[in-house]
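Student: Listed here are the chains, written in short residue letters.
Protein chains: 2
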Amino acid sequence: MRIFIIYARKARTDNKFLLKDLAGSGGKMDTVCRFVTSCLWVSHGLRRDVDIYLVLNGPPRPPITIHISGENVKRMDPNERSIAIWIQKSLKGEITKDWKNIQEGIKVSAKSFQEIIKSLSDRPMYVLEEKGEYIEDIEIKENPVFVIGDHLGMPRNEEKFVLRYGEKISLGKQPYFASTCATILNWILDKRKL
Amino acid sequence: MRIFIIYARKARTDNKFLLKDLAGSGGKMDTVCRFVTSCLWVSHGLRRDVDIYLVLNGPPRPPITIHISGENVKRMDPNERSIAIWIQKSLKGEITKDWKNIQEGIKVSAKSFQEIIKSLSDRPMYVLEEKGEYIEDIEIKENPVFVIGDHLGMPRNEEKFVLRYGEKISLGKQPYFASTCATILNWILDKRKL
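Taken in sequence, the protein lines are chains H and S. Going by the working numbering, the first residue of the first sequence is number 5, and it counts up by one from there. Going by the working numbering, the first residue of the second sequence is number 5, and it counts up by one from there.
It should be emphasised that the hints constitute simulated quantities derived from the structure, not laboratory data. Certain hints may be false.
Each pair may be met inside one copy or between any two copies, as identical chains are not told apart.
What the hints assert, rightly or not - No more than 35 Å apart at the CA atoms, straight line, and that leaves these computed lysine-lysine pairs for DSBU-like:
| id | residue 1 | residue 2 |
| --- | --- | --- |
| 1 | K78 | K135 |
| 2 | K24 | K111 |
| 3 | K24 | K96 |
| 4 | K78 | K14 |
| 5 | K20 | K93 |
| 6 | K20 | K96 |
| 7 | K135 | K111 |
| 8 | K14 | K172 |
| 9 | K164 | K145 |
| 10 | K197 | K135 |
Whenever a hint applies, use it, and build me the whole structure from the sequences.
Tutor: Okay, here's the thing in structure tokens:
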């Protein structure tokens, strides 16, 4: 099992964003959608061994976390718009700290980044950061969790928290999109047969 | 300079497709848009050393080739919708064998896949294919051209043609999206400082 977490600093936490303006009205929700595609898809289907947490921290009611289980999710397409429609469905109505099922494989809660990290803290955890240890020089342990910031990066206190459990790793000096990082990580794990 | 070519077997060759249904009405135009994003973007801007050829072979008037120059292109965003809007603009009106400028960095013509390949045949050329030589075992020469099929792959005669000039390389046994291939190739070239 591979777990990917994105910390989306500005992504909206209600469904009042426009499908035709995911970047502006959604607080870079396009980035979040591309991230889902990169984590989940191979050429002819879904990666069933991938779990995703989208931690949305934008207005009006942060934090909201959407969980997508590659094993169970159905009727999802890899394009930004169709993923955005699922995110909108997930963000409709009341959301509490308890997980609420949206459809098979998708659930939502008001859990914070730190709560999600804590719940996964028994697994090997890797925080993507240009200044981390270069991935080609280290071993990735089984059942890894990868924590990735969006283009703004994680706030200092959140990064400090996650580093209690995880270590910084890097894909090189070039900063990449969150979705690019997920694609490369999946390829490296495929290569290493993890 | 890195050049990426996608052979999009069903992608529409006029502007009569819906931005809200790129996959269906556009003949998997979403795949083409994601490919552009993967080729061109890093975290805070465009890769200026990348050129892209989108070879569209769907109805009603194939072939049409759109060329995007990373060095010159302006006002483009990395989301599928905004790239699709540029593709629609490019596909408007008459298109002949001569390149027509759409905006700085984007031009279009009725050139075929084989014409494009021929015009680039003085460069080292690599055709992505699961059965090719594994990329980690080979050297990629400077100024490479990468030729990538969509989810349907290239027709046999086109593949045969391109293999006169290029060699098959592989990212492993797992088939990936065209956009995934572009992301991984860019990362490998970054790593090798090519």
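Student: Going through the numbered hints above, which ones does this structure break? Give me the numbers in ascending order.
Tutor: none
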